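Please construct the entire structure, taking both the sequences and the accompanying hints into account.
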Amino acid sequence: MYLGGNIVKQERNYTIEFFRFMFAVNFVLLHVFILGPVRMGGTPSFANGFDVIIPFMAFSGYFLMGHFKKQQAKGLTAQVPPSRQAWNYLKARLLSLLPLFITVTVACIVANCMWFGIPAMGGVMYLINGVTEIFGLQIGGFYGNTVMGSVAEKGISAVTTAGPLWFMSGIFLCGYAVYYLLARHDRHFTGWIAPVTIVLFYGSSYLTDNMPMWNKFLTAGEFAVASGLLHMFCGLSIGVLLWVACDNLKGKEWSRGMKLLMAMAQAFCIAVVFFKSWVSTASPIGQAFSIGWGASFFYTTVFSFLCLLNVDAVTRCPIFSSKIWRIPGRMAMYIYMIHYPVMTFVFLAMGCRPGTYEQNAGKVTPAYFITLAVSIVLGYLVMKFEEKVLMPWLKSKPWYTREQAKKEMEAV
Numbered sequence: 001m002y003l004g005g006n007i008v009k010q011e012r013n014y015t016i017e018f019f020r021f022m023f024a025v026n027f028v029l030l031h032v033f034i035l036g037p038v039r040m041g042g043t044p045s046f047a048n049g050f051d052v053i054i055p056f057m058a059f060s061g062y063f064l065m066g067h068f069k070k071q072q073a074k075g076l077t078a079q080v081p082p083s084r085q086a087w088n089y090l091k092a093r094l095l096s097l098l099p100l101f102i103t104v105t106v107a108c109i110v111a112n113c114m115w116f117g118i119p120a121m122g123g124v125m126y127l128i129n130g131v132t133e134i135f136g137l138q139i140g141g142f143y144g145n146t147v148m149g150s151v152a153e154k155g156i157s158a159v160t161t162a163g164p165l166w167f168m169s170g171i172f173l174c175g176y177a178v179y180y181l182l183a184r185h186d187r188h189f190t191g192w193i194a195p196v197t198i199v200l201f202y203g204s205s206y207l208t209d210n211m212p213m214w215n216k217f218l219t220a221g222e223f224a225v226a227s228g229l230l231h232m233f234c235g236l237s238i239g240v241l242l243w244v245a246c247d248n249l250k251g252k253e254w255s256r257g258m259k260l261l262m263a264m265a266q267a268f269c270i271a272v273v274f275f276k277s278w279v280s281t282a283s284p285i286g287q288a289f290s291i292g293w294g295a296s297f298f299y300t301t302v303f304s305f306l307c308l309l310n311v312d313a314v315t316r317c318p319i320f321s322s323k324i325w326r327i328p329g330r331m332a333m334y335i336y337m338i339h340y341p342v343m344t345f346v347f348l349a350m351g352c353r354p355g356t357y358e359q360n361a362g363k364v365t366p367a368y369f370i371t372l373a374v375s376i377v378l379g380y381l382v383m384k385f386e387e388k389v390l391m392p393w394l395k396s397k398p399w400y401t402r403e404q405a406k407k408e409m410e411a412v
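Numbering-wise, the working numbering puts 161 at position 161 of the sequence shown, and it's gapless, one number per residue.
Check each hint, because a few of them may be wrong.
[Unchecked claim] Calculated lysine-lysine pairs in the PhoX-like style (CA-CA distance at most 20 Å, straight line):
1. Lys91 / Lys397
2. Lys69 / Lys250
3. Lys397 / Lys323
4. Lys91 / Lys395
5. Lys70 / Lys91
6. Lys91 / Lys388
7. Lys250 / Lys70
8. Lys384 / Lys395
9. Lys397 / Lys363
It should be emphasised that the hints constitute simulated quantities derived from the structure, not laboratory data.
Predicted, not measured: the structure shown is a model, and the values here were computed from it.
Put into structure tokens, the structure is as follows:
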């Protein structure tokens, strides 16, 4: 249960920005080196367990909780229905990320249609069928639709409209749910709803050896639930709980011995995170040091907590905590979303097509560096467009401004 704590104002935590950027770069690596060969009909040389995604979600949950507590401290939530609070939060995220959301969705459809030679009308139907992804039901796409066919016919990367879309739709849908529950009764949520849900979901997944993934689902008889949404809900909830823990510990004076212990723990956890992120599970060293997703879940959660607490020597070392990571960290979501269609366009420009892996296997590595560079540039441009054009325009509208929103909330 959250017992209050002091919301201590601290300097910006650039360590989080470093790792957000690192994870975004790593996701580009995974998709290019795994999905590129698969799409060309080959066997990928790089394999990954996809079990180091908790920090990416936990950081989002941490900032969500921070936003909620700031609103609460300003007295903007006392007389406001929970659904209105959650909607205001979701509306702000939707409006600010809408250009990115729409651009990536359309770009992915165009890229996939070009890759598989789907005619224009087929692309329209592809968009219509792809609506399930927007609502977090990516598993529907994996069974195929009238345009793309089934996963067995064309491969995982071909079936969905935009691979990273599951993450953004999860941020929207699960973010609304978590914010609503916090607004409804934050102590109930942090005291038992979040912990029980996390233990039940991840515990049952671990006991059944079914790692939670966005392309899987859990069944009980004829009832099925998309794992992606539960995974995101629990990941955000972990971030909320980490905010509570960090808030209660901020301002605490740590002994040198305790800081040393935390530094040792963080050094080990960072080593696990880097190993699981950048070393192929199919490589000899990856197989020699095989770490299951259950253990990875534990280590990455501790890693996330220590990054957010930001008091140990490892987390605060200049490599991770430099101000230079401020902009790259903010760009992480943009890079993560944009790289997916960019990857397909890059492979197309390099002459790669389905069934051409033997001739084009050597192009995967240069495709990665080109995709990364283009994604960083485009991500920066889209971010600046939202910052310099979209947000000022939105703030000029009475239905969006904070003052107007406050009046509406007070009138309820």
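These are the hints, each one checked on the structure:
1. The straight-line distance between the Cα atoms of Lys91 and Lys397 is roughly 14 Å, inside the 20 Å bound, and the hint therefore holds.
2. Pair hint Lys69 plus Lys250 holds up; C-alpha atoms about 15 Å apart against a cutoff of 20 Å.
3. Of the pairs offered as hints, the one joining Lys397 and Lys323 is violated, with about 33 Å between alpha carbons and a cut-off of 20 Å exceeded.
4. With a C-alpha separation of about 13 Å, the suggested pair Lys91 and Lys395 falls inside the 20 Å cut-off, and the hint holds.
5. A hinted pair counts as satisfied when its Cα atoms are at most 20 Å apart, and Lys70 with Lys91 qualifies at roughly 17 Å.
6. Taking the CA atoms of Lys91 and Lys388, the gap is about 19 Å. The hint holds against a cut of 20 Å.
7. About 16 Å separates the Cα atoms of Lys250 and Lys70, which keeps this hinted pair within 20 Å; it holds.
8. This hinted pair checks out: Lys384 and Lys395 have alpha carbons roughly 16 Å apart, not beyond 20 Å.
9. Straight-line distance between C-alpha atoms of Lys397 and Lys363 comes to about 48 Å, which puts the hinted pair past the 20 Å bound.
Comparing the model with each earlier hint shows violations of hints 3 and 9; every other hint is respected.
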